[in-house]
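Participant: Sequence:
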Amino acid sequence: MQTTGTLHVVATPIGNLGDLSPRALEVLGSVSAVCAEDTRHTRQLLAHFGLERPLVALHQHNEDAQAAQLITRLQAGESLALVSDAGTPLVSDPGFRFVRAAREAGVRVSPVPGACAAIAALSVAGLASDRFAFEGFLPAKTGARRERLARLASETRTLLFYEAAHRIDETLEDMAAAFGPARHAVLARELTKLFETVLDGPLEALLAQVRADPNQRRGEFVLVIDGAGDDAEARTTEGRRLYAKLIEHLPPSTAAKLAAELSGAPRKALYGGG
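Here the sequence shown stands for residues 1 to 274, numbered as in full-length UniProt numbering.
For the record, the hints were derived by calculation from the structure and aren't laboratory data.
Treat the hints with care, since some could be wrong.
As the list claims (entries may be wrong) - Straight-line distance between alpha carbons at most 27 Å, and here's what the computed BS3-like set of lysine-lysine pairs gives:
id, residue 1, residue 2
1, 268, 245
2, 141, 245
3, 245, 257
4, 257, 268
Based on the provided sequences and hints, a complete structural model is requested.
Facilitator: Okay, structure coming up:
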């Protein structure tokens, strides 16, 4: 009976090439092909380590079409590696549809762990790490981004976000508005790279630092935000968010009553009319 090959999901460095594990090197050098988000980037990575393997482009625009062909190869006994441009595949990167299809087809999927920017930032943030929520990239459009942040304002878990350099200023501003300027946060920039910086403090202070120093608006960012605090604070934050939405359609007293019932927050904290 013919056995299937293995799909290896391989983490690659987020900056420092020394973070590629010996096991990852062994796997990348032995598979039939490497499925890569950007084949040019991955070819350079492999060349740095003296490896040359066939590359297959697998990205958000062709993942569904490529998956069927790749699974046929796996079922025929070939083993493949899946990598992203940097870090652990599928973390804010394409690939989960391919992995899901492979598992549904009975193909063994094996992780080769390594670098992940979100976990690296959390490990040095000094914020609660027993419970956290990874939100990836926020919406690029201002209205959608603010709406997402408003929904997260009462979240008690530590929050992790990725952000691009050209939006870091406005994202910090929106976070200060949604979470409050005093909410503690950590801004991790260019992790494991030459100009790595990790700043921490209230959101308003981080925003001021970023605006004052152009260097802090360059590179790749992970934002780690402290949770909303105790349950009473979280309920009040959520209640105020609901009240702000409901008052657009209901009288203030009715909006406050409904928001209090839904959130568990004291009505007086939402509506000064009592």
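Participant: If a hint holds in the structure, say so; if it does not, say that too.
Facilitator: Tested hints:
{"no.": "1", "hint": "268 with 245", "result": "17 Å, holds"}
{"no.": "2", "hint": "141 with 245", "result": "20 Å, holds"}
{"no.": "3", "hint": "245 with 257", "result": "13 Å, holds"}
{"no.": "4", "hint": "257 with 268", "result": "9 Å, holds"}
Every hint from the earlier list agrees with this structure, and none is contradicted.
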